[in-house]
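The listed protein sequences correspond, in order, to chains A and B.
Just so it is clear: in the first sequence, position 430 is 1200 by the numbering used here, and no numbers are missing.
Just so it is clear: in the second sequence, position 86 is 131 by the numbering used here, and no numbers are missing.
Treat the hints with care, as some may be off.
In the DSSO-like style, the derived pairs of lysine-lysine whose C-alpha atoms are separated by at most 30 Å in a straight line are [said to hold, decoys possible]:
id	chain 1	residue 1	chain 2	residue 2
1	A	Lys846	A	Lys934
2	A	Lys869	A	Lys930
3	B	Lys107	A	Lys775
4	B	Lys109	A	Lys775
5	B	Lys107	A	Lys1232
6	A	Lys1155	B	Lys164
7	B	Lys107	A	Lys1155
8	B	Lys109	A	Lys1155
9	B	Lys164	A	Lys1232
10	B	Lys164	B	Lys107
11	B	Lys163	B	Lys250
12	B	Lys205	A	Lys775
Listed next, the stretches of chain B that the computed footprint assigns to chain A, with coverage defined by at least 3 CB atoms under 8 Å from CB atoms of chain A [stated by the list, open to error]:
id	region
13	96-110
14	118-125
15	186-192
The set of hints was computed from the structure by calculation and includes no laboratory data.
C-beta: ideal position from N, C-alpha, C; glycine also.
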Amino acid sequence: MSLWKIALRSIQQRVLASALTAFSMSLGVALVVAVLVIYGVVDQSFRRSAQGFHLVVGAPGSRLELVLSTVFHIGKAPAPMSYDVYDELKRGRLGNSVKFAVPICMGDMYQGCRVVGTTSELFGDLTYSDDNRAYEFSAGRNIQDGEYFEAVLGSIAAQKSGKKIGDTLRTTHSGTSGMERQEAFTVVGILKPTGTPVDKGVFVNVEGFWRSHASALDAAAAEAARARAAKEEADRVMGVTQESESTTTTELSDKDLMIGLEATPTEETPTAGAASAAEANDADLLPRERKRITAIFLLLQDGTESSIPLLQRELQTMGVQAVSPVEEVSQLFTGLIGNLQVILLILAVLVVVVAGIGILVSIYNSMNERRREIAIMRALGAQRKTVMLIILLESILLALGGGALGLVAGHGLTWAISPIIAEQTGVMVDAFMFQQGELYLIPGLVLLASIVGLLPAAVAYKTDVAQSLIASP
Amino acid sequence: MLQIRDLTKSFPQPDGTPLHILDIPEFSVGVAEQCVLVGRSGCGKTTLLHIIAGIGRPTSGKVKIDGWDIALMEESEVDQFRAERIGYVYQTFNLLPGFTAIENVMLGMTFGRDRADKKRAANLLERVGLSHRLTHRPTQLSVGEQQRVAVARALANRPKLILADEPTANVDVGHQQQIVDLIRDTCHEEKISLIMVTHAPDVAKQFERIEYLEQINHAGRAQ
Ligand SMILES: Nc1ncnc2c1ncn2[C@@H]1O[C@H](COP(=O)(O)OP(=O)(O)OP(=O)(O)O)[C@@H](O)[C@H]1O
Ligand SMILES: [Mg+2]
């Protein structure tokens, strides 16, 4: 009979106490696992969606906010930019260094999902994840640039809304502008799950977006205008208004305050080109002022480290900022979220340690009644170190048993809350994706169990056989 | 098989002076010999068996078993020696309550050099008439059955010497003879030496060799 089996038998003899100690151990391990898995998956998901393009161009302000709102659909979108910035990147001088410039217009919510106006390039030409995965459709196809009122749904958005190919969706929004029309979008495609916030997005043709859904941009622009006006007012009171700045601001307020407009004062008419042919043919041609864009995703011809700062500086002179999403995300993770994970991990590990002490107390308390059993085994020829080892094995079995339970419970817990995470962040948590940190759990638990088992094992080691055999009946 | 020479054993008393329990100049048991040890309560019978089994260490003297002086061995060597060559049957049976009958028997082979052999354990239980009780726990067995498991366990490691400390004290008279016969017959068949301690005169009188501990133990006389 193996020593493992002997240890197991003595655990079985005290089923309740053993089960309780193992259970408390499983709670601790489950917490550790949940922290590891959620962090790992969120981290991976964030990095995954931050990949596939080099820069996000948007209105000046918080860099992180720009990335979070346009790439991850978290928080409020910044003020929109003028169409001219897009034009410049698409067809202007800066266009030479740009492979793809994809407009992103953040709209209102549709059944809890963000409506985003964009072009077919987002899913046709850009990729996601660090291994450059192409977007795939589980049904239908990508939006076509000529068809203004087409929509593509992310996998979660499709699930939530229950919309299928050919269905129409009418985005609800608080209209403030007289220009908008309530056109319905036809769903032409549903994306396969990507594990990124794209899954919970509703993507519509940007042309249709401008025609029907501009109010969100209006609201953002109006708010930005109010903020600017307030700041301007404050500056005037302080008497520090600068000449150049005041003229720019006046010009901006005239044209609904569009950031980036001042950079291209001469380009009033749209440049003739192949891409604008569709627009030219459209009888319902929109004035440029209505074509506002929250952000532009840029995939550069040359994504090397030297070319990015150059472009960033150029764009800065146009009054917009270009932010590397990868950089922002890794800053976010090494900073705030990384520290948060460390704190949570420490707490979870403390729970494990407390559970380990629970094992110590449980086994130690049982030593008195087990003195006799130990003496019997010694009388049968077991050496001191053998009975000591049996106690250690018992401690290890309890810890590992609880740990295994905790591993399952931890992944189960993550699985149970993953819909909530997906709904809140668009991050699809694969609860059964094992994290590297979990590998350390097994040797960690064995070590902990050996340490806490040492005290009762020492009692077993010191047990006086002759006395224990005579003392009890 | 067993030779004891000039064995003394004393326990320290609270006042510091030693309490002399055993002082045996000479005692030996031959191969396959069966000997019954009698004596009044407290005269040191259990203490002597413990010393022979290596569970208690002598204060001085020689305890030679099968040619080995266990008084000179390291503790772990004595444990090993006991695991391989000595079977012990206790008055209180000392079965482990968490283990089934067959597991208790297998425990008798676990700590020796040979691997625990389930088939042999089952054979031994069959031999003591318990083939239908293999997976019962001690609490699910009658007192007589428990003692039979204990006898099977003492035989498990193919011992050269069996020490039986009042094996029938807790068993009713009907079972008493059964167990004595069982122990004596198996020791006879397997050529195992036997030292049995008993208070029952009708058990003692069945043995050819009866030793009175007070006679071989000089420590008792001094008092
Ligand atoms: N560890 C000890 N410390 C001090 N005295 C002890 C110790 N162990 C035994 N004794 C004493 O040694 C004496 C012999 O004890 P032992 O158990 O050998 O008697 P016994 O002959 O087996 O008696 P019984 O027939 O009642 O079982 C007793 O007086 C006992 O009090
Ligand atoms: Mg006794």
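Hints, verified against the model:
1. A:Lys846 - A:Lys934: 29 Å, holds
2. A:Lys869 - A:Lys930: Violated - the C-alpha atoms of Lys930 of chain A and Lys869 of chain A are around 34 Å apart, more than 30 Å.
3. B:Lys107 - A:Lys775: 38 Å, violated
4. B:Lys109 - A:Lys775: Given that 30 Å is the threshold and the Cα spacing comes to 35 Å, the pair is violated.
5. B:Lys107 - A:Lys1232: 25 Å, holds
6. A:Lys1155 - B:Lys164: Since the Cα atoms of Lys1155 of chain A and Lys164 of chain B sit roughly 28 Å apart, the hinted pair holds (cutoff 30 Å).
7. B:Lys107 - A:Lys1155: Holds, because 26 Å separates the two Cα atoms, which is no more than 30 Å.
8. B:Lys109 - A:Lys1155: Distance of about 25 Å is within 30 Å: holds.
9. B:Lys164 - A:Lys1232: 34 Å, violated
10. B:Lys164 - B:Lys107: 38 Å, violated
11. B:Lys163 - B:Lys250: Violated, because 37 Å separates the two Cα atoms, which is more than 30 Å.
12. B:Lys205 - A:Lys775: Since the Cα atoms of Lys205 of chain B and Lys775 of chain A sit roughly 28 Å apart, the hinted pair holds (cutoff 30 Å).
13. 96-110: holds (count 3)
14. 118-125: holds (count 4)
15. 186-192: This one is violated; 0 residues, fewer than the three required, reach chain A with a Cβ under 8 Å.
Of the hints listed earlier, those the structure fails to meet are numbers 2, 3, 4, 9, 10, 11, 15, in rising order.
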